[in-house]
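Chain order of the listed sequences is A and B.
The first sequence begins at 1 in the working numbering and counts up by one.
The second sequence begins at 1 in the working numbering and counts up by one.
Worth double-checking, as some hints may not be accurate.
Any copy, or any two copies together, can satisfy a pair, since identical chains are not distinguished.
With a straight-line cut-off of 16 Å between C-alpha atoms, the simulated EDC-like cross-links for lysine to aspartate or glutamate are [claimed, not checked]: (1) Lys-564 - Glu-296; (2) Lys-573 - Glu-224; (3) Lys-268 - Glu-133; (4) Lys-20 - Asp-208; (5) Lys-234 - Glu-462; (6) Lys-268 - Glu-296; (7) Lys-298 - Glu-654.
Bear in mind the hints are in silico, worked out from the structure with no lab data behind them.
Since this is a predicted model, take the numbers as computed values, not measurements.
Protein chains: 2
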Amino acid sequence: MASDYKVVGKSLPRFDAMGKVTGRAIYGTDFALPGMLHGKLCRSTVPHARIRALRLDKARQMPGVRAIVTAADVPCARYGSFIKDMEVFALDTVRHVGQPIAGVVARSAAEAEAAAAAIEIEYETLPAVFDVEVALQANAPLVHPDLLGYQAMPTVLRQGNVSNQSLLSVGDIEAGFAASDHIFTNRFTTNMVHPGYTEPRAAVAQWDRDGRFTVWSNTQLPFEAQSTLAEILKVPAAQVRVICTVIGGGFGGKLRLGVEHYVAVMAKACGRPVKMVTTTEEEMATAYSRQPVVIELKTGVSRDGRILAKQGRIIVDTGATSGSGVGVGSSSALILAGPYRIPNISIEGLAVYTNKAPTGSFRAPSGPQANFAVESQMDIIAAGIGLDPLEFRLRNILRDGDTAPNGQVVAKVSLEECLRKAADAIGWSQRRDGNGRGKGLACGWWTTTSGSSGVYVKINPEGKVVMNTGCAEIGTGALTGAAQVLAEALGVKLDDIDIVSADSTATPFDHGAQGSRTAFAVGNACINAVEKLRQQIFQAAAPKLGVPAEGLSLVDGVVSGGDKSITLAEIAKALQLSGGGLIAHGTFIAPPTPYDPKRGRNLVITTLNSPSFHAHAVDVSVDQETGEIQINDYVVAQDVGFAINPLYIEGQIEGGVMQGIGQALSEEIVYRDGHVANANLTDYKMPTAMDAPRVRSILVECPSEVGPFGAKGVGEPPVIEPPAALANAVAAAACRVSDLPITAEKVVRHMAMAS
Amino acid sequence: MASDYKVVGKSLPRFDAMGKVTGRAIYGTDFALPGMLHGKLCRSTVPHARIRALRLDKARQMPGVRAIVTAADVPCARYGSFIKDMEVFALDTVRHVGQPIAGVVARSAAEAEAAAAAIEIEYETLPAVFDVEVALQANAPLVHPDLLGYQAMPTVLRQGNVSNQSLLSVGDIEAGFAASDHIFTNRFTTNMVHPGYTEPRAAVAQWDRDGRFTVWSNTQLPFEAQSTLAEILKVPAAQVRVICTVIGGGFGGKLRLGVEHYVAVMAKACGRPVKMVTTTEEEMATAYSRQPVVIELKTGVSRDGRILAKQGRIIVDTGATSGSGVGVGSSSALILAGPYRIPNISIEGLAVYTNKAPTGSFRAPSGPQANFAVESQMDIIAAGIGLDPLEFRLRNILRDGDTAPNGQVVAKVSLEECLRKAADAIGWSQRRDGNGRGKGLACGWWTTTSGSSGVYVKINPEGKVVMNTGCAEIGTGALTGAAQVLAEALGVKLDDIDIVSADSTATPFDHGAQGSRTAFAVGNACINAVEKLRQQIFQAAAPKLGVPAEGLSLVDGVVSGGDKSITLAEIAKALQLSGGGLIAHGTFIAPPTPYDPKRGRNLVITTLNSPSFHAHAVDVSVDQETGEIQINDYVVAQDVGFAINPLYIEGQIEGGVMQGIGQALSEEIVYRDGHVANANLTDYKMPTAMDAPRVRSILVECPSEVGPFGAKGVGEPPVIEPPAALANAVAAAACRVSDLPITAEKVVRHMAMAS
């Protein structure tokens, strides 16, 4: 069937490629307005303190300074997604090093920075907490003593330093353990890692008319930025316009406001456009990194390798604000249960405050952390009961028609296919583990995030088509994918599609470039618009061709019926001259995935929609003296539903695996006494091109019933399994390491302990 | 009925008012991009010559110069609307003083201007022609010797210096004269006048990606600019994006390319954004002024004052390019025939080249010129046969069901009402003409220009609505009118409407802000979109309220049924969360107005759609010594169909009357030997606020069957009748002047001749 397609299923170049490779693309960091001033932040230098005095006089006298803003300039006290615990500028207490206290606007960024450094702050130090397990103790310092007084979503359960406590509960956990032949209890910890987008956060704000302003930024979510800015500045959302620039990577790190609110407040204060760009140091020390977690898992299995009970607890270190940590604590439960048949489950998720920087929704939030624990333990159990890890998984995985841990029924489960294909490709059956070489497997499942998409589509008189979407292209290629869906559905070439995107006023609402949903949801909205366009086109063509509308087809931009034909361009031109133009709107929202609400408590993420399944397999060598890990081969078998554009999906897989390898082996934001000790790209060890192994992608196509042409979300999954797959391979080669990252130093230490 | 409306029919403030009065609006002249360079043109200093040599070396060495462009940088040789007789830069011959020969890009406008002046040009002078009647002579110098070789629309009839010769022909003209009791033959001439917009032409171009570029400009027609730029640069239209800035007036003078093509060519040449703004001198000497005309009219009437035959000829001086002159020659026929019952008509229109600057489609193109002749002659005839001018008109005007000269049948003709109301208001029946005081009347009809309009409409979750239209707001208030139509149709407040407009890529096609069509056509497209939105809204509300969709109403942003209600904001929010968003598209094109093609030859304007009727009445005093004319009172009775926003319509009427007074009494671009002698606002005498009389507007509402809520086009008509009305009043007070403008000097001369 796929071979009949002309545009989808093809590795066509991205619409944004030319601008990016030629340097002509205008990124957020490039964007400038005439008469623009520059902003910098004055940030806390202590992890927890009351602000006794804030003296701005000296800073105000510094050269080039135009305005200084503080909490007094911000109408809204606190904002936030699940719990309103974020402050634009510290109100009276700082809760982490790097927390913004004031902002300076000056002629140049250097002048603003110098003035920000001249702001004098008198602190009254408060006891701080940096460890989530300490934070859970009864007498721990409280990061937010007034937490219960903050506004929050009704489902969150707050107490002490806990911003939410969720529970996934299935069957009878005690009975499950009682029936088990073997019980395994393990503890895993993961690292804080940065999304590592190439382009830092950047935004320019300008107040246009009385009470209206525009922000140009590299945000992933212009509509969320719009509504949050409206909340912060206490203006109706319609008075805020957010327009996305070209975006140099997001990975979830640009979902929430970064600098947009600062430039908005600054531009209002000085009456001029203001720009802000974060530095690498600010990024590494204060941006939305992936939450480090502590996971304890207790799993009971039968003698023949069936999982009978799984009890777990994940403690998510959200830093000083809860952010998406509430959701991560909740969705972790679905990942910790895993894509397995388990009759008895009890998994608790805790999101916990510490006096560290706010964390965020890094690509597949909760995925790599939880999967590292589950899939490491699967190998530990397999070894413990003497089963091949692949075989052990195959005995327990979800299959067609099974009920998943949350009560959703899964169909068309491709997990066995993914596992077998990855295992075959890595040479699983011929492997010789141990003595410095080993192979590891890990598998998982993930969601295609739901949410509204609307599009406007117009066909110009020369037959070119404009897709107008509220979704941003964040560098994944997914809007090219949506355009391919549009082109295929309409019967035109991809080159015929032009894209207007991500402007909160000019484009229709879109839930945005997040959660692997862009090509899926925007593509489906396009299909809806095409239904309307085809009607108009055929109705206009029918009298011209003397063929009834039902007898017409549209292929390659040509409407044909019988032996007669007319180009789409001619129809579009005729309709512009005689019919008001050829335009349509389309909308889409995925139907809700049924689940069993009785199985959860305070879960804010409850289902995995159009779930994808995937398996990673890796072959490593471990230097027995230095502990250095070399990746010999890496295979990903991922169920993409339908590969709209194999090339960009492979790009997503290769990039995701590299990010996963970074988290697995080298990256870590290191805190010492509340300060980031390695806030630069020399000491924070992101893998470079030299560290990149060959990654082989196997695209499994088990169609979604909802996605366009059967496609599923593909962007997040590749980052999920690398830590577990690598941990399992390293365990096979040398030793088990259960705290990320698996550095050479740790490997040496563990090998020494084991020998 | 009108009193039931909540938004239309009200004098609500314009959406663009705040930005304009606070100075925050970004006009074309304000628009700037970082790294922008500036362009200036080197223009011909002679009216007709071959270019023997063009030496750029000295100019290239001038400080700050970055690029110099000439015809060699322009892919397309010639372009144009009816006839492709326009050259971006002179190819080898210059045909008027001020014709662009080369463009200079430099760091500053001053440097560019200095370098442009340093370009050395060697001319071989050719004989020139500046008078249309001379241009028609057999041995006249030819402005375009290769005219027949140019591409042109098939309907134009070219020969010598004539770019089109059209004929409106009804009945038997000779028989009509034979049956007449009196025959009047008169000659009228009109002046070349400038649209006089406050903001000069301004544009910035930037080449974005390979082969794609964007132009920000104050053009009235972004889509026409897009297609013309594509033609000139020989790229597909989809590679050209034109975005309108705020526009400081247009009046038709910004319909055609002004500086957009120059900045596009310059920006391509230098690889940087380039801006150009015209100077007052360039505007007055080279921009699209109203065509001066020579009109001869021969009219036969019966003893009892019925017009039996009208023969006429209008010679339109188009300057060196035909531009819209072809259309003016043609539409003049409909205006020269007038809104009268005439059984025998023969009116010839000639568009003629001269070696003067290109002319253009100034507000109601052909209207003031032709109306001046018709309505002056109506008074001359009335005096000749001893009838009251009002009575003479009433005996001849079109009435309901009449067939107009072009064969279109007119319904709901409000002309008698307009004439009587204007006459009553000016005190016609009690007038005492002569001895330095007199009253004059003039009436006419005009079209509501047709053409496509498409809109996208979205309703945000806070209930605010965005209207996305390809039409620009050029300062008339008409987009506010369209927004009022949208608000009324949808059942929300005008404040709830936000407007995105005039971007050739991001907004749907619109025929544009021209021909009094904006509120009419965009408003109707909005009504079409609202039909779709209301369906969606009621379908979503029905289950929530437990009331069937048919039983629901939407008023003031609240959906009600029975005693239950829900806000539009709630519905929009619910649909965004659960239904893909609340968006729709709407299109409109006016149904064609039937006419009789046998009555015309080479007519390119054939009908007056949703015609408006109007009468102006004025009371003047003429100083018997100095000839100075003082306007004591001015009344306009205009059939607007339905007054969507009385305030902005009155603004249109007052502004139009002022422009008409300028043409009638003082304005004239004076040519001496092919050079404009008064290319500045000191010597070109535009009326100032001190010259403005009180203008009283009487809005007659005789609904159009097509327009939104019955509205008709209102923007152009007010400029049509002032010259004739004033000429008739001055004739009643002192003397008849048949060549515009009616300056004090001419009045004194005519009074002397008459005495």
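Status of the hints after comparison with the structure:
no.: 1; hint: Lys-564 - Glu-296; verdict: neither (69 Å within a copy, 53 Å between copies)
no.: 2; hint: Lys-573 - Glu-224; verdict: between (37 Å within a copy, 14 Å between copies)
no.: 3; hint: Lys-268 - Glu-133; verdict: neither (42 Å within a copy, 62 Å between copies)
no.: 4; hint: Lys-20 - Asp-208; verdict: between (30 Å within a copy, 11 Å between copies)
no.: 5; hint: Lys-234 - Glu-462; verdict: between (45 Å within a copy, 14 Å between copies)
no.: 6; hint: Lys-268 - Glu-296; verdict: neither (49 Å within a copy, 63 Å between copies)
no.: 7; hint: Lys-298 - Glu-654; verdict: neither (33 Å within a copy, 84 Å between copies)
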